[in-house]
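Here are the chains, one letter per residue:
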Amino acid sequence: MAPKEPIVGAPALRYEGEAKVLGRAKYIDDLHFPQMIHGATVRSKFPRGRITAIRYGEGVPWDEFTIVTWRDIPGENTIVHLLKDHPCLVEEIVNHPEEPIVLLAHPDKALLRKAVDAVTIEYEPLPAVFTIEESEAPDAPVIWNSEAGDSPNVFKTYLMEKGNVDDVWASADYIIEGEYSTGAQEQLYIENNGVIAEYTEESVTVWGSMQCPYYLHHALQLAFALPEEKCRVIQVETGGAFGGKEDYPSVIGCHAALLAMKSGRPVKMVYDRLEDMAATTKRHPSRTRHRTAVSKDGRLLGGEIEFAIDGGAYVTLSPVVLSRGTIHAAGPYNWPNLRIRAKAVATNCPPHGAFRGFGAPQSIFGLERHMDLIAKTVGITPEELRRRNFLQPGGSTATGQLIKDPIDLNGMLTRALEESGYHAKRAEFTKTNPTSPIKRGIGFATFMHGAGFTGSGERRLNSLVAIEIDDEGSPEILVSSTEFGQGTNTILCQVAAQTLHIPYKNVRIAQPDTHRVPNSGPTVASRTAMIVGKLVEDASHNLLTCMRASGLLEETYTPEQFCHAALAYKQKHGELRATARYQAPGDIFWDDDKYRGDAYPAYAWAVYVAEVEVDTRTYMAEVKNFWALQEVGKVLNPVLAKGQVEGGVAQGIGYAIYEKCVWKDGVMANNQMTNYIMPTSADLPPIHVLFEEVPSIHGPFGAKGIGELPMDGPAPAILNAIEEATGVCFNHCPLLPEDIFDKLANPTSISADSSQLQPAVAGPVFSGTTS
Amino acid sequence: MSIITFTLNGSQVSVDAPPMTRLLDLLREHLHLTGTKEGCGEGECGSCSVLVDGELVNSCLVPSLQIQGATVTTIEGLGEQTHLHPIQQCFLEKGGAQCGICTPGMILATHHLLEKHPAPTLDEIREGLSGNLCRCTGYMRIFEAVQQTAKLAEAGK
Ligand code: FES
Ligand code: FES
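Going down the list, the protein sequences come from chains A and B. Letter by letter, the first sequence follows residues 1 to 771 in this note's numbering. Letter by letter, the second sequence follows residues 772 to 928 in this note's numbering.
Keep in mind that the hints were calculated from the coordinates and are not lab data. The beta carbon of each residue, even a glycine, is placed where N, CA and C say it ideally should be. Be careful, since some hints might not be right.
Here's a subset of chain A near chain B, in silico, CB distances under 7 Å, partners left out [said to hold, decoys possible]:
| id | residue |
| --- | --- |
| 1 | GLY647 |
| 2 | VAL649 |
| 3 | SER681 |
| 4 | LEU684 |
Sample of chain A residues lacking proximity to chain B, with all beta carbon distances greater than 12 Å (derived) [as the list claims (entries may be wrong)]:
| id | residue |
| --- | --- |
| 5 | ILE67 |
| 6 | ARG71 |
| 7 | VAL119 |
| 8 | ALA170 |
| 9 | LEU188 |
| 10 | GLU384 |
| 11 | GLN583 |
Here chain B stands alone, though its shape is the one from the complex (with noise of 0.2 Å):
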């Protein structure tokens, strides 16, 4: 075991665990954040994404020591229920959610996308995503939901 100081969604955390913990494990089982989800567990769905110092990384491929100090964003650390986050909100109205499973990834790759390409063209969203697999949806009401999102921001300005 070791112990594990990082910063989660804006707070300190300390965390007894095996250094080899997957990212993963540590967020759902040590913290008892489910909002990361679990599709592959081999890098290929991206529906444990989260941010690790701003960059998006697939949560079931980190070992925990890789954290030690580094800040980490997860779905949970996005907006609350009184008050969505604009992404969220743009997925809720945009019909970009349907089984939701692949849905905090798909927010979380969103809000990379859109810190590096504020007004994203079609391919760079296409592109900016293709991490991140979504069965349901066949993409075209998340591609509208990003597109609404940077829409907002930029009326926001």
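If we strip away everything but chain A, and leave its shape as in the complex, we get (with noise of 0.2 Å):
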């Protein structure tokens, strides 16, 4: 018999949530291993060069020391991703700051310290270039070049085409341009980046905090040239993500490993503040052009947009970044004509990464600016210009995507802009605003974020789950896909519990393990719920069948018979293992090449709203009260999914207005949370979460993916706002006071800088501003 209340949807108790609370949750740096010693890594001080000499200074008892170069890698010197551009260890050529070039270990951590800082590292300096600028000049120095990138300084470019634009600007009333660009953002997980690795008889061992256990597992086959079953990488709890622990640990977790080979004992990698921050990986700062044609009555006739990242020295993840950027660029409305050029460049600072949102955040950014600007140079309201333009059932996206789910953007602004009095506080803040040196503002973003890998990337992942029941009569979910807060865990067992009709409690999920659990694809890409949750789901199924055809399995049952059942089957058989892998829906079509077709298989759609004051005598901008709408479809767990959503959203007001990473010559000069700031709770607003909920056919019972969507709206809804409290057009975030106070009190700057006040514009046609 089915338990009475569904599972699916109820705000079960986090799965992992006791242990976090009672703090007897074990991370990496809480776990030791007898005959323990610590690592550490001796990095470059410079930018780029080529290296003469590794000095190894005095007073030092270096002989009690294991020291690794990249002559001790076994394997192939690189940190496999899509290309073996990167190096596991410095060979010669210096590409970034705080580049790996030494590893030590040495039991006594304080000594390692001292160790790290008597290696000096010899160079001849290499001409760098540190910005998208920089890289992309006409006369810049080549620092990367491959074969496998599109040209010099280029790692990857992407055309994407719809209708033909180029017959668009004759026949428009207004072309409007504008320029937008973000800046780094760090993932400031609280707890740094960590591993443990031990080498036994020549198998290579790897605990650590991460999302992918599987990532790190390729790579050490690589850089040990070992088979897979000689490689073991094991997730433990791990304290944030966001990302920042996608690529990275496949880097340190190599490192360790070496250090383990090579000393033969375990060996602990677990960076410090200081380290995490300046040297892994960051949001890709980027940069967007918008050159649009509107008519008359604003409706979109076509566009025009430059999408460029700026990946660092390496390629890591930076094209699927740039291709989640790209598509993400157009926006919730309808394109009858566009053109995006992207393209995501190399510079000499430390390899960008994986951050929440993926490359969406930064082209959602401008092109959200962009349409505030747009219904500002047409005349009409920003909520008017997204109406005559929303996508609706029956109109096709930017790549081509048919809309086939009943979307209603329309109904979802109406929504958000009444509960958040959106129309009130306007005419209000108009009201009140030249009166006061605090101006308030009211703004909005419309935007939407595709579920899962982009394009084929999902066929490709293949993924595989399995459930097996275990010795109590309890089946336990087998997945690679971790938990790092998000709420993995739970919500895959409430899936599992819901479907083979069982209480939650009575479904177990096994720690990720690469020799136990199968590889049900990377924790990234909101595609935890929708596409392994799907597996799940479809996997508990076959349990069912497999049990039902067995015999032992009446058509309704109650929980003990589930397990009576189970167990009976165990003994028959052995085990009781059901397995589900993925198959691509049928009417999803890609075309890699043009960059047509099926992007995602679900978008999850959004309204958010952002209130802001700026007080005119300290340039302080804050953000007052927030409203996040969005359709995810079922939501599968209330009180996780507003979680969710309130951390997104805090981090994207942080992007907003807060975090800003300082860059001297490719080093990270803020790499301290004293001096890079994230929201505090006394930072931000209340955060009101309104969920819609349109059931999609590709996730379990309905899901759709929520973990990336909630970044990307807060940065242009919060400058939005800020331009309606200011009259001032403010297109680069972060935010900070200073860039503030260089606008509103040095009105030179605002009419020299062409995307001040007045729109900046070009073409034949256009006519006024109201500004």
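Taking the hints as your guide, dock the two standalone chains into a single complex.
Pasting the structure below:
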């Protein structure tokens, strides 16, 4: 008999929550292995150059140390992602500051720190570039060149076309241009990157804080020239990740493993905050240029979008980040004609990597700021402009994907504006702002986010999940999908419990260990709930089918009967295990060459509204209130889902007005929590989370992806509100008080900068602005 | 080395450690109480928060010699598996813990806050927890957990 209350959609308690609130959950730094020693990294202190000598200074008992250089790597000297350009350890040429050159291990952590400082790297400097503009300059030094890239200093380009944009300019009433840029952002998980590695009898095992055990598993096979069964990766409790532990664990994991191999002892490598912030990946800085043809009644006739991201010194995941950013650059609008040119360029900064949203927050920031500029230029409200251009069911996206789901963006916009009191506030602020030193404003962004890997990605991943009955007769889910706060454990157990008609607490989920769990793909791309969740549902059905076919389970049963039947089956057959493998839906097509087709099986849709205050005496901007309305399909667990959205919005608010990476020749100068400022509990406004649920056929019980979406909307909504408040247009995030000061206190800089007040326009028929 | 004697979670302990050992390391490495976490090592994140004589301190900033004779409470001293402390129970139910790395510190900060303000206003909660960073939750579920704990305590009076 099925449990009376549905499990999916109910606030099941976090699976590992009790261990967490008791302080008993064991993170990597909480583990200690017998004989374990500590590892550390000697890094370059210059951006680019040829190493001429490595000197081990006086006063350190070097014979007590394990010292590893690239010569100790048994396999290929590479951290493999999409290409093999990224070395595990520098051989000769350094390409960015903080690049790993030498690894050291010793039992005494204090002595280890001293030893790291005692190593000097001598080098001949080589010319370097640090920004997109420097990298693409005609006379730029070539810092990266590979046949796999598209041209010198360019990792990857995409060209996406719809209709014929060249024909629209002549008939446009307005041609509106704008340039928007975003800075790097640090993931700032509170637990730094860390691993423990062990090397015994020609096999290597790494335990660590990570998102994707199979990424590191693959990296180890190459670096150690070992077959897959000799490499083992185990994820332990992970204290936040947000993309920052997608690709980087392959680096630190290989490093610790090399030290373990050479020392013959387990090696723990846990970065401190300074090292983690300076050396590991961040969100890609970006630049988006728009040129848009618009009719006088505010319809988008066509657009050209140029999207560029700074990938740092090696390719890592930049092409995939670029891809998601490119597809999301067009937003939830109907573009009859569109051309998007995108590129990821090389610079001599540490490689930029995955961070929640994965390119989409960057290009959506550009588009949603630009939409407000268009509205202003055409002389209609931001709301009206969106309403005239929203995608509708039956319409097609920028990649030509037919919208089959019954989305109602107009209805969502109406609801979000009503809930936030948008119209009344706008009217009130217009009245009060002229006489108040505190300028108030309200603004919004409308956007969508694709769930799962882009294009043919899921087909290639070919994910597999399993469910096995343990010795107590309880089903255990076996997946490589990891928990790092988002709720993977909980929602997957809910899905299995509901499908198997047994209580939530009867379902277990295995620790991700590549020796035990099949590869259900990486835990990224808002894919866990929808893609892996669906596979868990399928595997659960397969398990039931198998039990019923054996005659041990009736059509209806109690949890106890389920347990007995499962144990009886196990006794008879040795094991009871069911699997499910990803099957690409029959109606999803993607053309990798033309970049056209069904980019994602499903999208989540959202309208976010921000209310702000800008104090014209202190130049501080503050978010006073925030509404996040989204349609994410079935909400599997309302408490967890709300928490996901609130956390993402908080990171988005940080991205908009607090979190600035200060760069000096490729070095992050503020690599400390003291001067890299993320929002505290005192900084955040109330965040009102609202859901609409339109079940999708692609996810379990109708669920879609949710993890990344909330990162996309806050920054443009907030900067749109700041423009409403101040009448000044800011086109870069993060926007700090000094940036606001620059433009408010210094009117000459306003007229000198074409992005100010006057919409930047070019082309034949632009007329008038309203500012 | 010197002997540091103090009361830890209700029992007396003596540890032989260099006097400048950070309280954080004394707890984690010498006493194997790993519930107290290190997030920054510079007094910014609060994940190493513990109570010393009832005050909330960042244990990464406190040299052990300062706790000679003091009373220290860590997350391990708050609740039991079979009997969560009400704050822990409310964090669990309201979704106050996501990745959980800030949670021990956050729960001790809540304990401290509720001692000072048994029925805190939202602003008191926002202020009272502002020394403890959480990157996952955006704090809203944590606020609810704190309010819920206060409400239960009020009802239980
Ligand atoms: S570790 Fe002590 S405040 Fe961050
Ligand atoms: S729950 Fe992850 S940092 Fe707070």
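Going down the list of hints, with the structure as the test:
This hint holds: A/GLY647 has a C-beta 4 Å from the nearest C-beta of chain B, less than the 7 Å allowed. With its C-beta approaching chain B no nearer than about 6 Å, A/VAL649 sits inside the 7 Å limit, and its interface hint holds. Checking A/SER681 against chain B by beta carbon gives a least distance of about 4 Å; that is within 7 Å, so the hint holds. With a cut of 7 Å, the hint placing A/LEU684 at the interface with chain B holds, because the nearest CB-to-CB distance is about 6 Å.
With a cut of 12 Å on Cβ distances, A/ILE67 stays outside the contact zone with chain B, its closest approach being about 25 Å. Non-interface status of A/ARG71 relative to chain B is upheld: no Cβ of that chain comes within 12 Å, the nearest being about 33 Å off. Distance check on A/VAL119: its Cβ is at least 22 Å (rounded) from any Cβ of chain B, clearing the 12 Å threshold; non-interface status holds. The claim that A/ALA170 lies off the interface holds: its Cβ sits roughly 48 Å from the closest Cβ of chain B, which is beyond the 12 Å cut-off.
The claim that A/LEU188 lies off the interface is violated: its Cβ sits roughly 5 Å from the closest Cβ of chain B, which falls inside the 12 Å cut-off. Every beta carbon of chain B lies more than 12 Å from that of A/GLU384, the smallest distance being close to 31 Å; the non-interface claim holds. No Cβ of chain B comes within 12 Å of the Cβ of A/GLN583; the nearest lies about 32 Å off, and the non-interface call holds.
Checked against the numbered hints above, the structure breaks only hint 9 and satisfies the rest.
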